[in-house]
Amino acid sequence: MMSENHKIAKAASTIGMGTLLSRILGFFRDMIIAHFFGAGMAADAFFVAFRIPNLWRRLVGEGSLTISFIPVYTEYLHQRSEEEIREVTHAAFTLMGLVLLLITLFGILFSPVIIQIIAPGFAGIPEKFQLTVTLNRIIFPYLFFMGLFALCMGILNSRRHFFAPAIAPIFLNISIILSVFLFYHSFQKPVMTLAVGVLAGGVIQLLFQVPFLWQKGITFRFNFHFGHPAIKRIGALMAPGMIGTAVYQLNVFIDTIFASFLPGGSVSYLFFADRLLEFPLGIFAIAIGMASLPSLSSLASQGKMEELKNTLTSTFRLTSFISIPAMVGLIALKTPIINLLFQRGLFDYSATVMTAKALLCYSVGLWAIAGVRTLVPAFYSIQDTWTPLKIGLICLGANVVLNAVFIFFTPLKHAGLALATSLSSILNLILVCGKLNPKLGGMEIGKNVKSLIQILLCSIPMGLTAYLICSLGNWSTTGNVAEKILLLGAGIATGLIVYVIISYWAKNEEMAFLVKMIQRRRHL
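As numbered in my numbering, residues 37 to 560 make up the sequence shown, in order.
There is no bait here: all hints are sound.
Restricting the straight-line Cα-Cα distance to at most 35 Å, the calculated cross-link-like pairs of lysine-lysine (DSBU-like) are:
hint, residue 1, residue 2
1, Lys43, Lys552
2, Lys552, Lys340
3, Lys43, Lys471
4, Lys475, Lys43
5, Lys43, Lys486
6, Lys252, Lys340
7, Lys471, Lys449
8, Lys483, Lys340
9, Lys225, Lys449
10, Lys268, Lys43
11, Lys46, Lys483
12, Lys268, Lys340
13, Lys471, Lys426
14, Lys543, Lys46
15, Lys486, Lys46
16, Lys543, Lys483
17, Lys486, Lys543
18, Lys520, Lys449
19, Lys46, Lys268
20, Lys252, Lys46
21, Lys46, Lys552
22, Lys426, Lys46
23, Lys543, Lys43
24, Lys543, Lys471
25, Lys471, Lys483
26, Lys486, Lys471
27, Lys475, Lys543
28, Lys46, Lys340
29, Lys268, Lys252
30, Lys252, Lys552
31, Lys475, Lys340
32, Lys43, Lys340
33, Lys483, Lys43
34, Lys393, Lys225
Distance ranges between label pairs, derived from CB positions:
hint, residue 1, residue 2, range
35, Thr446, Leu57, 35 to 41 Å
36, Gln251, Glu119, 15 to 21 Å
37, Glu119, Gly339, 24 to 30 Å
38, Val135, Ser507, 51 to 57 Å
In case anyone wonders, no lab produced these hints; they're calculated from the structure.
Keep in mind the model is a prediction, meaning the values are calculated, not measured.
The beta-carbon is built from N, C-alpha and C at its ideal position, and this holds for glycine as well.
Make a model of the complete structure from these sequences and hints.
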């Protein structure tokens with residue numbers, strides 16, 4: 037019988053591959069946005085208008101909207117009849133649809149107020165403000181489709197189907213890319229093509245789930261039994277659960293509010309830097325966190341707390357084995373990566389430098405963000421959403437204070453906003469570990485810290501190697517794309533080889549686990 041660690045690894049690889057494809061297309065999408073719109077007024081307006089729907093998309097993509105649903109639904113799958121499961125499914129779809137419809141109408145109607153709140157600095161520039169409001173109204177219905185998509189994902193993931201939800205985000209990127217290429221010259225304001233692409237992408241993502249739900253015997257019926265015990269439990273867990281698991285995304289959202297007071301382009305610099313951080317975060321940390329929740333919920337529902345603790349510790353250390361070298365790699369190669377991906381058209385070298393500063397400061401907290409995403413599902417598996425909520429509110433408050441300090445009392449400006457997010461993420465991880473340790477009867481904190489230090493020591497030579505190789509190129513100019521791809525690829529590949537060799541030599545346990553996983557796959 038496959039162990040829970042191997043089940044999680046298998047599911048995480050499926051989610052990770054889907055995320056990888058989406059991220060690659062996402063970078064292509066961002067390259068197109070950078071080329072056609074640069075980091076000017078139109079780009080800033082779109083990124084602000086897209087901030088709430090994008091936050092919603094990331095909450096959905098990271099499973100934040102399903103962390104309240106999966107534990108309860110998994111319990112029903114183990115302990116209740118098919119008829120009861122169907123009743124819960126239909127009631128959940130009906131209630132979610134009605135709530136999302138009201139939220140969407142509210143968002144469209146009160147768009148000026150929303151933009152005034154999330155980008156108060158735009159109010160002094162009427163043209164920029166009005167453009168942002170218009171874009172927000174076009175994009176806002178995206179929330180409706182992605183909310184229903186989240187419910188589909190929760191149902192499929194609970195039944196150990198990860199492929200359809202994992203692959204769906206590629207349709208958003210394809211939709212935006214095609215919209216720009218096909219309709220750029222059809223609008224008086226070409227940035228409208230981005231908004232149309234977002235909305236169409238949301239519709240396609242939802243529709244893509246339907247055949248897979250039918251395959252699992254899931255149908256759609258209206259059921260207004262909102263007083264069902266399962267619906268009440270899901271509702272009670274949802275609000276605190278969303279905030280608790282989405283602290284990083286909410287911090288980035290807060291960064292945008294502060295950035296609206298900074299010079300033009302600041303919102304865009306933060307957006308592009310965050311996009312680069314999301315690449316390793318989405319492929320590995322979020323994939324492992326999403327894959328682990330059904331397994332942890334299953335163990336909790338069966339009372340296997342010791343196995344739950346061991347599984348959680350293993351996934352945390354495996355995530356750290358990937359996220360710490362990713363952090364070092366992004367810090368070492370920040371300028372070459374940004375130059376190669378974005379520096380063209382209206383996105384010049386000065387934009388590369390400013391984005392690199394933000395990426396450096398965001399990267400400092402990558403390992404902590406990844407750690408939180410791996411550990412927080414343990415709270416939800418035992419249906420405790422209030423502890424992560426309290427921790428999340430403390431960290432959000434810390435981020436607001438640090439944001440104010442860094443932009444008003446230091447020369448860091450937009451980079452200070454990114455640094456504040458990283459520091460509050462580290463605080464988040466410390467508090468999560470402190471609260472989770474007694475709940476699970478000890479998590480061998482000392483052993484885990486020793487493992488983190490070992491991984492960091494293995495990562496530093498990797499980063500130095502990659503940096504020295506890439507320093508042979510000229511990253512201040514555009515052009516020479518083929519040469520730069522080869523140089524950056526050589527730096528990354530050589531650095532990875534150095535990391536693997538040193539980790540193997542140091543007898544790292546996570547390295548040994550990955551080797552066993554590869555050997556198992558080769559013999560299947």
